[in-house]
Structure formats: C-alpha cells, structure tokens
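Number 187 marks the last residue of the sequence shown (my numbering); no jumps.
Rather than coming from a laboratory, the hints here were simulated on the basis of the structure.
Hints should not be assumed to be uniformly reliable.
[Claimed, not checked] Derived lysine-lysine pairs resembling DSS-like cross-links, with alpha carbons at most 27 Å apart: (1) Lys135 - Lys22; (2) Lys32 - Lys48; (3) Lys103 - Lys69; (4) Lys160 - Lys32.
On a predicted model such as this, the values are computed, not experimentally measured, just so you know.
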Amino acid sequence: RRVLFRSNVLILAHGSSLQKYKSIVEKEIEEKDFFVIALNTQEVIENKFINLRAACHPLRIVADLGKYKSLQQEIVMPVGRLSEDLKSYIEEVSCLDFGMSIKKDCFEFNRTSCVIPSKLAIAYSLGFIASGNAKSVSIAGFDGYGNGNPRNNETDNIFKIFHKSQNDLRITSLTPTEYNIDVDCIF
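Turn these sequences into a full structure, and let the hints guide you.
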C-alpha cells in the first residue's frame, strides 16, 4: 500500500502490442518512473523493469504454478481465497496477500482487500492500486480481441465500473487498444 501511494502505475498484459512497442514502453518506464505491475507471468518486458506481479483467477494461478518460483518479483494475490493445496505450493513463493471478493458491477477499495466485479487480473490490479492511493494508472499490452468481439465486453465493463467508482484515477493506454479508454500515444 505504501509503495503505491501517489505512484504512477503501469499495468502490463500479454497483447502483441507490448512486443511490438517493447523498447518504447521500456523507455517510458525509465523516463516516467512507473511502478510496474505485470499481470500473471507476462515476460515480454525485461524483469528489471517489473516491480510486482498480480494474479487472482484460480485457474490461471494453477496454470502458472510452475513459473512462480522462477519469477524475480513478489506476486500479489488473494492467498486467503486459495485452496489449502495451492497455499502449500506457493509457500516457497514470495507473495503479498491482498484480499478479494467478487460482487457484480462493483468496485470497493479497502486497506487490505478489495471488492471487484470479475476474477480477471486487471480488475484485481485496479482494486489494489486504488486501495493504495496511486496517482495515475497506465496500461500496455491490452490489445483486446478485435473490433466488435464480444470478449472485449467484460474488460470494457471493468474499466467502466472502475471509472464510476474512482473518478480521480483515470486509466490511459500506452499501446493501441480495442477497449474504450484513452490512448496516450507513445508510438
């Protein structure tokens, strides 16, 4: 929480735009002194630029279990929501436990937990970033699934609900995106 206070945060996803604009994004990280959060096990941007990783979806956590031990950064995840088997596996992984609850069409920000509208890592990341009182939020690698693809709706809805609940914290994308958010063109 203290680390995020008044920080400019950059969240990294897995979209192909991140690879395409990798050198420009890394330059932005250095110039703007972003606190960088990589979703799940994203490995496009060099490890030296990543401060923290975020994971929350149980299926994704299971899929990435083998990679967690080799990551150089701490992972923030809702440890309390994990099964005992998963908890025993991640004991050797450097985790920060930030609680999470799911409630449709809702974001709530608390000191040690958040309420989010979806189990997607972007919703969880926005929840703990807002709880930590960040100054700004930028994203990169959130390409979307193509114009008109219904899979864009869930993430667009997350951004919409977040903006309604957190008017002061605007989200901008550094890379091209299909989502309904502002793009701060770096390319």
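Going down the list of hints, with the structure as the test:
For the suggested pair Lys135 and Lys22, the alpha carbons sit about 24 Å apart, so the restraint of at most 27 Å is met. Pair hint Lys32 plus Lys48 holds up; C-alpha atoms about 15 Å apart against a cutoff of 27 Å. Between Lys103 and Lys69, the direct Cα distance comes to roughly 31 Å. Violation of the 27 Å bound is thereby established for this hinted pair. Taking the CA atoms of Lys160 and Lys32, the gap is about 26 Å. The hint holds against a cut of 27 Å.
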